[in-house]
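As you go down the protein sequences, you meet chains A and B in turn.
The first sequence begins at 1 in my numbering and counts up one residue at a time.
The second sequence begins at 110 in my numbering and counts up one residue at a time.
Simulated from the structure, these hints should not be mistaken for lab results.
Treat the hints loosely; a few may be bogus.
[What the hints assert, rightly or not] The list that follows gives simulated cross-link-like pairs (lysine-lysine, DSBU-like), each with its CA atoms no further than 35 Å apart:
#1 A:K42 / B:K124
#2 B:K124 / A:K56
#3 A:K67 / A:K2
#4 B:K126 / A:K56
#5 A:K101 / B:K126
What follows is the residue order along each chain.
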Amino acid sequence: QKEVEQNSGPLSVPEGAIASLNCTYSDRGSQSFFWYRQYSGKSPELIMFIYSNGDKEDGRFTAQLNKASQYVSLLIRDSQPSDSATYLCAVKRRTALIFGKGTTLSVSS
Amino acid sequence: GAGVSQSPSNKVTEKGKDVELRCDPISGHTALYWYRQSLGQGLEFLIYFQGNSAPDKSGLPSDRFSAERTGGSVSTLTIQRTQQEDSAVYLCASSSPQGASADTEAFFGQGTRLTVV
Numbered sequence: 001q002k003e004v005e006q007n008s009g010p011l012s013v014p015e016g017a018i019a020s021l022n023c024t025y026s027d028r029g030s031q032s033f034f035w036y037r038q039y040s041g042k043s044p045e046l047i048m049f050i051y052s053n054g055d056k057e058d059g060r061f062t063a064q065l066n067k068a069s070q071y072v073s074l075l076i077r078d079s080q081p082s083d084s085a086t087y088l089c090a091v092k093r094r095t096a097l098i099f100g101k102g103t104t105l106s107v108s109s
Numbered sequence: 110g111a112g113v114s115q116s117p118s119n120k121v122t123e124k125g126k127d128v129e130l131r132c133d134p135i136s137g138h139t140a141l142y143w144y145r146q147s148l149g150q151g152l153e154f155l156i157y158f159q160g161n162s163a164p165d166k167s168g169l170p171s172d173r174f175s176a177e178r179t180g181g182s183v184s185t186l187t188i189q190r191t192q193q194e195d196s197a198v199y200l201c202a203s204s205s206p207q208g209a210s211a212d213t214e215a216f217f218g219q220g221t222r223l224t225v226v
């Protein structure tokens, strides 16, 4: 079982819709969870991090964490074409920051 | 500098040659990561340095790969006897952890694109 799993997509949504990105992780002791965005040919950049169970909102983005289910998600409201990118889920284990393979999101105008 | 700096930005090498990739982390950041990203793939963890602690080398794919971090700052990733499957973008990131249970953003460099011919 991979440490961090994501559906590779592509996930296609129309402009203005809600995009839902999901991630599961295997290490029950993980404490910190991150969502990064990576545009084609660019380096990853942080969107949000979450430590506690529940929801965390930042503008159009909401991260959701359920440690019992070992599940992290990212919701993007009012999706824009500029949101089209690969979204990487990352989990901090005791030492390293481990990434999933990413979900490609395509927002059509 | 203001961000994580990696050099060279591009490297073409012949199969069997050794290569060294350099990473200058953000000043004051004690944690440093190396990742490999093959075309269309996610980030594959290679190695993690944190302060003076022993590095986490669990992601290194073979003994041809090694890394060091001198003086708690600059890091060099060395690949010996390069193979074509080593072709990828090698990304370095640094962060400033603030305790056992907390963590902060990892900032990435622009990467080194390695092509083995």
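Hint check:
1. Of the supplied pair hints, the one linking K42 of chain A and K124 of chain B holds, its CA atoms being roughly 26 Å apart against a limit of 35 Å.
2. With a C-alpha separation of about 48 Å, the suggested pair K124 of chain B and K56 of chain A falls outside the 35 Å cut-off, and the hint is violated.
3. Among the hinted pairs, K67 of chain A with K2 of chain A is consistent with the structure: their alpha-carbon atoms are about 17 Å apart, no more than 35 Å.
4. The straight-line distance between the Cα atoms of K126 of chain B and K56 of chain A is roughly 48 Å, outside the 35 Å bound, and the hint therefore fails.
5. Between the alpha carbons of K101 of chain A and K126 of chain B the distance comes to roughly 29 Å, so the proposed pair stays at or under 35 Å and holds.
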